[in-house]
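Colleague: Okay, here's what each chain looks like letter by letter:
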Amino acid sequence: SQQGEEDPQALSIQEGENATMNCSYKTSINNLQWYRQNSGRGLVHLILIRSNEREKHSGRLRVTLDTSKKSSSLLITASRAADTASYFCATDNSNSGYALNFGKGTSLLVTP
Amino acid sequence: KAGVTQTPRYLIKTRGQQVTLSCSPISGHRSVSWYQQTPGQGLQFLFEYFSETQRNKGNFPGRFSGRQFSNSRSEMNVSTLELGDSALYLCASSFNVGGTPEAFFGQGTRLTVV
Chain P
5 SQQGEEDPQA
15 LSIQEGENAT
25 MNCSYKTSIN
35 NLQWYRQNSG
45 RGLVHLILIR
55 SNEREKHSGR
65 LRVTLDTSKK
75 SSSLLITASR
85 AADTASYFCA
95 TDNSNSGYAL
105 NFGKGTSLLV
115 TP
Chain W
25 KAGVTQTPRY
35 LIKTRGQQVT
45 LSCSPISGHR
55 SVSWYQQTPG
65 QGLQFLFEYF
75 SETQRNKGNF
85 PGRFSGRQFS
95 NSRSEMNVST
105 LELGDSALYL
115 CASSFNVGGT
125 PEAFFGQGTR
135 LTVV
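Chains as they are written, first to last, in this note's numbering: chain P, 5 to 116; chain W, 25 to 138.
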């Protein structure tokens with residue numbers, strides 16, 4: 005079953021603009037990861053934020069986590085056409101082992 | 025460091041047949057998990073192996089099975105294929121020890137059942 009829900013489902017912006025995607029989840033988590041997927045290919049790991057962290061940066065990416073609201077956001081600054089892809093959040097809440105629960109993703113289109 | 029390698033990249037099978045997919049994790053990673061991605065259901069967890077033991081299993085029928093070898097390579101098997109099994113199958117590897125839970129994915133195997 006899907007744990008996370010990304011919002012919006014689709015986002016269209018121009019190069020240079022910022023893109024913000026949101027993710028909500030239902031149960032408590034150990035950590036939350038964001039992935040990018042280009043045209044049905046493999047998932048590229050972008051960033052991980054642990055349940056005791058509130059904000060994390062990596063290059064043009066900024067991720068926030070609000071465990072009280074069970075939500076996270078991914079901000080991509082100064083978007084480029086190459087950022088066009090689907091973005092997924094994945095939560096890990098397993099007590100034993102490892103199992104990621106994915107949302108349905110946000111489809112981002114960045115036009116030149 | 026080499027990434028996660030999945031073989032084959034593409035497969036076409038007939039209903040009723042069985043299929044075996046392979047995944048070689050990143051060197052040193054002992055956790056391998058499998059996911060099915062379809063347009064309708066999105067990304068769904070199949071199962072996870074760690075040191076040759078299945079630790080977690082998703083909500084899939086028994087036709088879906090897997091195993092992990094001593095070198096951490098993993099295979100998943102789908103028997104009696106159905107049209108609905110057509111999907112992108114993704115494998116992820118993770119070190120998952122000592123607070124390093126990032127999961128890294130392979131390029132996937134695109135399975136088409138006709």
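Honestly, the hints are just simulated from the structure, not real lab data.
By construction, the Cβ of each residue, glycine as well, lies at the ideal position given by its N, Cα and C atoms.
Warning: the hint list may mix true and false statements.
To be verified - Quick list of in silico lysine-lysine cross-link-like pairs, DSSO-like style, CA-CA up to 27 Å:
id, chain 1, residue 1, chain 2, residue 2
1, P, LYS74, P, LYS30
2, W, LYS81, P, LYS108
3, W, LYS37, W, LYS81
4, P, LYS30, W, LYS81
5, W, LYS81, P, LYS74
6, P, LYS60, P, LYS108
7, P, LYS30, P, LYS73
8, P, LYS108, P, LYS30
9, P, LYS60, P, LYS74
Said to hold, decoys possible - Simulated restraints on C-beta separations:
id, chain 1, residue 1, chain 2, residue 2, range
10, P, ASP70, W, GLY64, 27 to 33 Å
11, W, GLY40, P, GLN18, 46 to 52 Å
12, P, HIS61, W, GLY40, 47 to 53 Å
13, W, ARG87, P, THR24, 37 to 43 Å
14, P, ASP70, W, GLY86, 46 to 52 Å
Colleague: If a hint holds in the structure, say so; if it does not, say that too.
Modeller: Status of each hint after checking the structure:
Annotation: proposed proximity of LYS74 (chain P) to LYS30 (chain P) holds, straight-line Cα distance about 7 Å (limit 27 Å). Under the criterion of a C-alpha separation no larger than 27 Å, the hint pairing LYS81 (chain W) with LYS108 (chain P) is consistent with the structure, at around 20 Å. Pair hint LYS37 (chain W) plus LYS81 (chain W) holds up; C-alpha atoms about 25 Å apart against a cutoff of 27 Å. A threshold of 27 Å between alpha carbons decides the hint, and for LYS30 (chain P) with LYS81 (chain W) the separation of about 19 Å falls inside it, so the pair holds.
Between LYS81 (chain W) and LYS74 (chain P) the alpha-carbon distance is near 24 Å, which keeps this suggested pair within the 27 Å criterion. For the suggested pair LYS60 (chain P) and LYS108 (chain P), the alpha carbons sit about 23 Å apart, so the restraint of at most 27 Å is met. Annotation: proposed proximity of LYS30 (chain P) to LYS73 (chain P) holds, straight-line Cα distance about 9 Å (limit 27 Å). In summary, the hint linking LYS108 (chain P) to LYS30 (chain P) is supported, as the alpha carbons are separated by about 14 Å, within the 27 Å threshold.
The suggested pairing of LYS60 (chain P) with LYS74 (chain P) holds, with an alpha-carbon distance near 16 Å, which does not exceed 27 Å. Taking 27 to 33 Å as the suggested C-beta distance range, the pair ASP70 (chain P) and GLY64 (chain W) conforms, at roughly 30 Å. For the hinted restraint 46 to 52 Å between GLY40 (chain W) and GLN18 (chain P), the CB-CB distance of approximately 50 Å keeps it satisfied. Evaluation of the 47 to 53 Å hint for HIS61 (chain P) and GLY40 (chain W) yields a pass: the beta carbon distance comes to about 51 Å.
Between ARG87 (chain W) and THR24 (chain P) the Cβ separation comes to about 41 Å, which falls inside the hinted range of 37 to 43 Å. For ASP70 (chain P) and GLY86 (chain W), the hinted distance range of 46 to 52 Å is not satisfied, since their beta carbons lie about 39 Å from each other.
Of the numbered hints given earlier, the model fails hint 14 alone.
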